[in-house]
Each structure stands twice: as C-alpha cells, then as structure tokens.
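Residue numbers (my numbering), protein chains in the order written: chain A, 1 to 666; chain B, 667 to 837; chain C, 838 to 1166.
Hint data in this document are derived by calculation from the structure and do not stem from the laboratory. Each residue gets a CB set at the ideal place from its N, CA and C atoms; glycine is no exception. A few of these clues could be false.
Pulled a few chain A residues facing chain B out of the computed Cβ check, cut under 8 Å [as the list claims (entries may be wrong)]: (1) A139; (2) E450; (3) L476; (4) R498; (5) F523; (6) N524; (7) G528; (8) G634; (9) T635; (10) V637; (11) I655; (12) L663.
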Amino acid sequence: MNSNGNNGDLRIGFYICHCGHNIAGVVDCPAVAQHIAKLPGVVVSRDYKYMCSDPGQELIAQDIREHRLNRVVVASCSPLLHEHTFRNAVAAGGLNPFFFQMVNIREHDSWVHTDVGAATAKAKALAQAAIRRVRFHRALEMTRVPIHPDVLVVGGGITGIHAALTMANGGKKVFLVEREPSIGGHMAKFDKTFPTLDCAACILTPKMSAVRAHENITLWTYSDVVKVEGYVGNYTVTVRRKPRYVKEDLCVGCQECIAACVFKEPKFPDEFNVGLGKRKPIYIPFPQAVPQVVLVDPERCIQVRTGKCKQTCLEACADRQALDFTQKEQLVEIKVGNIILATGFKLFDAKRIPQYGYGLYPNVVTSLELERLVTSSGPTGGEIVLKDGRHPKSVGFILCVGSRDMKTNRWCSRTCCMHSMKLAQLVREHTGADATVFYMDIRAPGKGCEEFYDKSLKEGIQFVRGRVAEVTDWALAPEEEGKLVIRVEDTLAGFVRRIPVDMIVLAVGMEPHADAQEVRRLFNMSCGTEGWFLEKHPKLAPVSTFTDGVFIAGCCQGPKDIPDSIAQAGAAAAEAMALIDKGYIEQEPNTANVMEEHCSGCKSCIPLCPFTAISFDAPSQKARINEALCKGCGTCVAACPSGSIRQNLFEDEEIFGEIEGVLADA
Amino acid sequence: MLDTTWQPRIIAFFCNWCTYTAADLAGVSRLKYAPNVRVIRLMCSGRVDPQFLLEALARGADGVLIGGCHLGDCHYVEGNAKTLRRFLMLKRLLADLGVEDQRVRLEWISASEGDRVRSVINEMVDQVRALGPLNLPGRFADWDREMTGLEAQVRAAEPQTAPKAGELTHA
Amino acid sequence: MPKPKIAFYWCASCGGCDEAIVDLAEDILGVVEAVDIVLWPVAMDFKKKDVEAMPDKSIVATFLNGAIRSSEQEEMAHLLRRKSQFLIAYGACAHLGGIPSLANQFEREQLLRYVYEESPTTVNESKTRPQCSVKNNGHAVTLPELRHVVRSLDQVVEVDYYIPGCPPTPKITKAAVGALLEGRLPPKGSVLAPDTALCEQCPRKSSKPTDLGFTQFKRPHQARLDPELCFLAQGVVCMGPATRGGCEAPCIGGNMPCSGCFGPTSRVRDQGAKMLSSLCANVAGKEEKDINGVLSGIPDPVGTFYRYALARSLLRRKVDLPAPAKQTP
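Could you put together the complete structure from these sequences and hints?
This is the structure:
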C-alpha cells in the first residue's frame, strides 16, 4: 500500500449506496457507478442497496484485499452519520482508514431534490470531486486524548441529581454545581407526581440526602459556572461560589438565626413558593433544602446593605459562629474530563397572553402556583383558596398556554396535559370543586398516562375541546356575577360557550432559560431553533452534543416528564462513564502542522489561533504548532501567505482536487 | 450565445459544525430546494482560502457560497471573524475584476437553521440564473482565440537556409 | 568544442531586465567568454531571419523577458521556443505578466483611446491611430497587432524555467546561468529562486511582533517610515510574507516595503489571494463597519495584491471585458 498517493499506482474503489429507496428513488445509482467507472484510477465501481450494513462493509473489505485497492470512496449519506462506520470497514480490509472519502448524496441530494436528472448529475459531480480529492489523501492515525476521571454536573434538579448519583455510585468523583441555594429543582415544588400520584418530596428527598452524604459528590449550591476552558477529557472550569454570609460547614440548619432576625415577620416574596409566600432576609429555601444551610439575601438584609444592624442573628449563633458577614464571592477552578448539563427549564410568562387575565384577575394562577397551594407544606398549608380566602367551587384549567402557539412558542410542552389532569384530580379531592379542562388535544403518552386520563374522566372532571379565546370578569348573566368567565368555542358541541368559574389555572408551557444562549456559549454548544440545547442527533444521540465531553440531559434538551428526565440522566452518565472507563478518546487527526523547511517565520499565523497552539520558536526562527492543542479549524492554513502550513485531511491539494472534480464537465 | 439548457452551478464551502449540519437537517426534514449547489465540507469557514473561491470561479462555477456559524458562535471561537474580514476585501477585489456582486455570498447559518439553507440556496440560484453563466473557462478560451493563428504558422515554417557570406546581417 | 548558444529577447518590457544582464558587471565578461550570444536586440544586431535560419533546438537557452502583448512578441516566443532547448522566462513580466499585465483591468480600446486621444499631453485632433497594415507607395507597411490580453510567457509557449524579479538580481541571474552551464538544473518548470518567503532573509524580521493586529493601513507616502521596524508593524502593506525570497531584500534596504516582484512560492496558486487572506485575517475588528474602515486604507486591491502577477492570477483579467471580436493572425 502506498502512503503517498502521488506516487505509484492509484487503485480507487467507488461504492454508491441505494439506501433502500432513499437514494435510489431519486438518484440513478447504476448510472453514477458507470460514470465513475470510466474515470482514471478507478478500479472498482459498484452500486449496492445498503452500504452501511454488514455485507456492504464486508464488500469494501473484500474488494480492498482482492483488487489491491489503495483508495475508497463511498457515496451515500452524510459523513456526520457514517464516516466512522466506513473508515472502520476500510481498516478491516487492511487499508489505512484515512484513505477514504465520503460523498453525501442523501441529505444533500436525494432527500432535497425531486428532479431525477438534476439529482443524478449532482451525484456524479460530487462523486467525481471525491475521486479527485482522495488521490491526495495520506495515511494518518487517530490521535488519543486521555480523559480526566472527574465529572462536572451543572444543575441540581432531579436530572442532575440522578446523573450525579449514578456516576458517584460508579466510583467517579462528581462536582454538582447548582445556582439556587438548594438542589431539588422544579420537582421539589411539586406535591404529587403523575401518573402514580407519588408524593414528590417522598421520592425526591432521599435522593437529595444521598447526594449530600455521598463521599464522591462535591456539592456546591448557590454557585454557577463562569468559565470553561479546554477540550474533552481535559476541561478546566471556573466555578463562582456566591456568598451566603454563612459558613456552610458550620451551619447545622437549626434556624435559630431566622427566628432571631430583626424582621419579626417574614416580609419578602418567597422564591420557592413562586411569590405566594413570604420570607425574611435570612432564610432557608424550604424545609427539606439540601444543604440544610441558611443564607442571607444581600439585597434585603440590612447588615449587608448598610452595615448597621443589631445582628441578632449573630448572637443567636454565638456558639457555632456560622454567620460571617465578611464572606466574599469565591472563584474556584476545577479540572474535569466530562461535563453534563442538566439545567432544566423555566415556565412561560403567562402575562404574554393578556387575554387570559394573568396578573389582571387575582384568581388566575399558573399551574406551578396551584401546585404550591395544593402542597401541604406550601404557603396555605395545602388549602386551595381564592385570594379572598374562600374555597373555589369551580376551577377551569386552560391548556397550551404558551405552547403549540404560532404567536408564542410552537412546541408542545409535553407534560402540561398530564400535569393539569393531576391538579384537577387533586383540586376535586381537596375541595370537591367542579373541574373543567379546556384542551386542544389531550396528550397522555407515557406508561400509565392514558389510564390516568380515564381516571380523570371517571372522577367527573369535565373536558371541553376548544382553544380558550378569553377570560373576563364582565358578567352577562346572573350566574356569572363575581366569577371569571371563560369564553371558548366548544368544537365538539359546535358553538361558543361562556363558562363561569371561581378560579382559573393556566397550564403554562416550558421554555428554555432566559440565559440559555450565554450558557451554551460557555460550554461551546449550540442551541436548536427553539432555544433548547442541541443534541448531536435527535434519535441516535439525544444526550450528546457536538462538543465531545459535554452532555445534556433533562428538560434543557427539550420538554419532558420526570421518567424521561431520569432516563436521560442515566444515559448521559453512561456516556460519560464510558469515556472515563476507556481512559481516552480518539480524535480525528485533522490538525495542522508547519512545514518547517518552507516556513519563513513571517509570524502571520501566530496571532490567529484562539487555542494558542501556534508559537514562534526563537531558535529556529519559525512558527511551530503544538498538535495537542490544535483543534483543526484550518484558519492558519488559509492564512499562511507562503502556503507553508498543512492541515491533515483538509490539505490545499485535497480541496483543490475537490473543486476541480466537482466542476469537471460530466 | 445563450444556452437555454444552461443551469447555474454554485460551489458552496460549508463549515462542519453549523452550516453543513444545517444542510443535513434540511435533508432530514425533506425540505426541497434547487439542485444547483455542490457542497464542499470544511471544518470551519476560517479554512476558506480565497484561492478556493477564485479557483472555483476559474474552473467554471457561476457562483460561490460560503456558509459559517453566526458571529460569536464559531466552534473554534472566531474562525468566522477571519472569514468575514477576508470576504469584505475579496468582494472589493472581485468587483474591480468585473465579477458581479451576487455571485459570491457569505451567509451565517446555524446548525438548526435547515430552512435557511433552503431559502438562501433558492434565492442565490435565482439571482445567479438571472445574471447568466460566468463560464470563465469559456471566456478564457475566447480570449485565447486571438492567439491560435501564429503558433501553427511558426510550426509549419521550415528553417530558412543560412545567409551566404557577404550577406552578414550582424556585426 | 563550439560554445553553447545563448539568446536574449525582450517583449513587453521596460528594458530593466536587459539592464540586469548588463548589471552583472565584471561577471558579464565571464558569461560572454563562456557562451555564444546569437540574439540580443538591445545590444547586438542580429535579425529575425538569423533566428529563423537556425536549426531547431540549436540555441541552448533563450532568456526571454517582458510580457506577451503583441502579435510580434507572440510570434517571436513561438520561434524562440522552436529554436531553443531551454526557454527561460526572465523577470517578472515573462514569469507572471508583470506590471504591464495590470493593463488586463482595461479594454484595449480604452487604452488606445487614452494614449492616442485623451491623455493630457496628446494633441491628435484627427484621432489618427496606428494601423496594422497600410499601403504606402505600393508597399504594404505592417505593424504588429496589440492583443486584447496581456500574457505571461507560459500562457503562450511551454517554458522550462523561470528567473523571477523586477528585475532579477545579479546574484539570482548569475546562479541561474551558472546552474544552466554546469548542468545542475532542478526539475523542469521550477522557479530559480528559494522557495521560502522573503521574511526569512528580511533584516527587519526580528522587529515584527507575534501579535500583530491591523487597526489601520497606510501607504508608503502617507507616513514617515521607520527605517528599522517591520513595515507591516507600521501599518504599511508589505508583500514580503507572500513573496519568494532570494533577492536579499534590496527594497527593504531602501526603506520601501516589498511589492511582490518575485512572485509566490510553489505552494501557492494565486499570490494576491494568499496575501489578502493573511493580511485580512489579522485585521482587528469583528463588525463589518470597523473592518471596512481598516480595509479602506488599501484603496486599490488589484494594484496592491497583484502588482506583478495579474496575468498569472486565477482570474487573469477583469472578467467582463470583451473577448476579441474575431481571430486575427
């Protein structure tokens, strides 16, 4: 086998895949194979139904041996999908896997064009480009990058907790960073979870305790990530630990300081209870918070703001001395090999749909607010009450608020139908009130969920199919006085109805966090069009991202319920653990290197590298590239004014070959 | 001479992480667009050497499209910034050399913008079609036609006999 | 043993390359002794028919300078190709088209009209133009035809070697002639100069910073040029990084930036494009407005990046200029 394709006998094997009907339905594969067969250097030219299958791959390996092929070109799907597969097939045949080039005639041709003639001409041109390119390929080896065994999990909701525990139980050292003062996420705010109506706290708090107690987990709450440097297996992450003004290792959570606070009564809106309850400036987020450590709100505490307070809290903690008003923000640097993002979601702001009256009528609440009312440890002790303290006699649930909506968010938030039916069941259980669910479609796909829908129907919950037009308090009939009226077209009955209720619950949809764009840039990821973190492949790689070593799980990847979130958490943990246990990752060797005999030392390339891979070597007076740092972008290669830098796999001659081939007359 | 069967051929250089992925997404979504573009995959738009554009045009491309990540989103931090800087000067150069503005285009297309791949390609193909073929190889051949007579003449001529003594023509 | 026959010829040329031969000074005597010069229009009185009479390949080497612009130059190029073993493109014009190839930005008619009618110092009310053929007293008087396109030598005939420079330095010329006479030539098609950029031998190399970002470009006349600092570091465009070395940087020694006359290294297909790529990548600024502001300091991209190499650039010529209407001999 030749190591340099410019010398010696070029023997190219060309394969065009039918991909069943996917390609062959639009591209005339035999015609392309015949066309390519005539090109110089092509020794074998075949078309086959499924090149990526075992027999397809074996065909390549066999031809390499039998026909002494020294180059292979496959025209099929996207290299992003199967380049690896075919490189392995080439290697199995005994040829260096980098003497291979792939041609995308599915995603870029048969799937996007309808004219058979044009699509076939395009396939021929693209195949020809690869035939000309592959001549210049060289033998290369995959590079190996070692993987640091520690892992960072960002986000301490149920997803982050499960991922952290899974890996910690597997013996890995995990850093769990959560920006709220306690882990638990949204699930900690739920009363019961569908479809089993388990108590959320009962299933969540044991896991939260396990996190705190686990010797392999370093839990940093009230902290966030501010900088990420490095690459897969070798990340250096800077975590900012915000000051609680309490020493975490000394506070035992007795809460004497809260009782002693100069504010006799809680006065400030309580975040955990979504503003429905009140707290003091010194507080613990909720009774089961992990860590059980109080914190001081720097914007509300008199001592922090003015320095002039009696500091009764300090006195109350005299024996442990856990309070410390001199605390400052700390920046801590950690080294990890993998990162899992489980940052969750935020809820749609119902004020954006003003006709539903949120913020205008006091008895229009969101699903999460009702959740807090229903919870026995919530601000009303589990009493579902209207703002004037009465129990509602009738409650309306409006679905798809900020979901499946051309004007706000187009996607389905996946959990709201089940969530609303659960709340409806709980409302009936607690108050006996009439419950009516206003829906476009009822989506109950999970295990036990359709049965839950049946149960809702059996329990007498009413369902009206129609998109609610508006909520009004303008009564047009005596029975509407003092109530909120829902105006909706009942599409099954076929007319517009006015339905008066005491309380309205809006099933607000899930959205990406407001800072999703900043966060994803921090981790060098992309977001999809809708703003959720982008997975590598929606079906085959839902928890991986395009950045090796960075995984996503849970709602930050897209709306989902608790079972699916936990499944993804486990999946991400498994992916990370697979890398750690292997100990290294193989990377495509598309790095650049300076051809020292040609470099003039003009220094034009040195300022261009964002990874500082290029430096000026004073003794030789030439540029030098550290291939361990080079990420393979090729910017320096394009910039070198004397053409003295070469990028493996994307050399000038290879690309010029592609250009010439793709434009050569058919 | 207007060739009614002529179809524009546009060469596109797409960056692996954003635009190439978006084009794959367009495929997965079965969006349909004009078949006139041929994509060459690079890891980053920063790898696009202006020589590639010029070579593509010189070899017969009617247009060239560069696709990269949005500014600030480059997988390699700011390869696309370098692309932009080169592109702005290249546009001026091409204008001075008589290449119409719409034939060379730079677009930032992120990995999830499959629909933009479709709309940008369709728009560009329409614009280039309206401009007509660039056909530089044909133009080069037209220009070089002014040369074809002499070579044949010189080849055909026999060496003339040496001048006789007394007919010296030089000192 | 007869001495090897050598020829020199000039086409669309300023004469500087012939001067460069003369500039070999004492060394010229050594050359003259070792060879038999059979053609050198600037210095010796040989005629075309002398060349035509020579047997094919009887000239060992012809050094042809100047771009090919006229039918006569084309004809002589073909003739000398036929008669020579080695045809060597001497100087930037023959190598790359040179400064004359900047005329490829203009239509031939535009140039003729300017020269014969519109220029400030022309008085030509009858708008008389030279004709290719005129009858005078029964004789046909002819002039060569000016081609529409300026070409480098290898765009007309096959060329064996190139000696770059505007003009080539005496050292480069001597080395090339020596290599020829001693049979030490590199592979056919080589440029007879080092294949590394000028920066390698530039006396100002150590003053160039490794973190250069351009915030402004100036042309040489717009600033007092520091005689020791790298030109690029002063914001002045210097083609050195994209130009072959071997000249030993005389322009830099004269406190002027390199303008690229030795052409690109062998790894580059278009010198101007590579220089553009390198320079612009290092421009400071990420907003279009800011970048354009910096680039406005280069008002003439073609003249700056392609001063010597337009004919041999990938686009060769302003592409929307008309093709010649019909074939003319």
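Task: Hint status (Cβ of I655 of chain A to nearest Cβ of chain B, threshold 8 Å) - done: Hint holds; I655 of chain A Cβ to chain B Cβ min 6 Å, cut 8 Å.
Task: Supplied contact hint for G528 of chain A, tested at 8 Å Cβ to chain B - done: At 4 Å from the nearest chain B Cβ, G528 of chain A passes the 8 Å test, so the hint holds.
Open item on the list: Quick check on the hint: A139 of chain A CB to chain B CB, less than 8 Å?
Closed with: violated, 20 Å
Open item on the list: Min Cβ distance, T635 of chain A to chain B: is it shorter than 8 Å?
Closed with: holds, 3 Å
Open item on the list: The hint names E450 of chain A as touching chain B; please verify it with the least Cβ-Cβ distance against 8 Å.
Closed with: violated, 30 Å
TODO: Answer holds if the nearest beta-carbon of chain B is closer than 8 Å to that of R498 of chain A; otherwise answer violated.
DONE: violated, 41 Å
Task: Hint validity - V637 of chain A Cβ closer than 8 Å to any chain B Cβ - done: holds, 6 Å
TODO: Closer than 8 Å between Cβ atoms is the bar; does N524 of chain A clear it against chain B? Give me holds or violated.
DONE: Check passed: Cβ of N524 of chain A comes within 7 Å of chain B, closer than 8 Å.
Task: chain B contact restraint for L476 of chain A - C-beta distance below 8 Å - done: violated, 45 Å
- [ ] Classify the hint on F523 of chain A as holds or violated, based on whether any CB of chain B lies nearer than 8 Å to its CB.
- [x] violated, 12 Å
Open item on the list: Hint G634 of chain A vs chain B: min CB-CB distance below 8 Å?
Closed with: With a closest approach of 3 Å, the G634 of chain A hint holds.
- [ ] Return the status of the interface hint for L663 of chain A: holds when the least beta-carbon distance to chain B is below 8 Å, violated otherwise.
- [x] holds, 4 Å
Violated hints, listed in ascending order, are 1, 2, 3, 4 and 5; each of the other numbered hints is respected by the structure.
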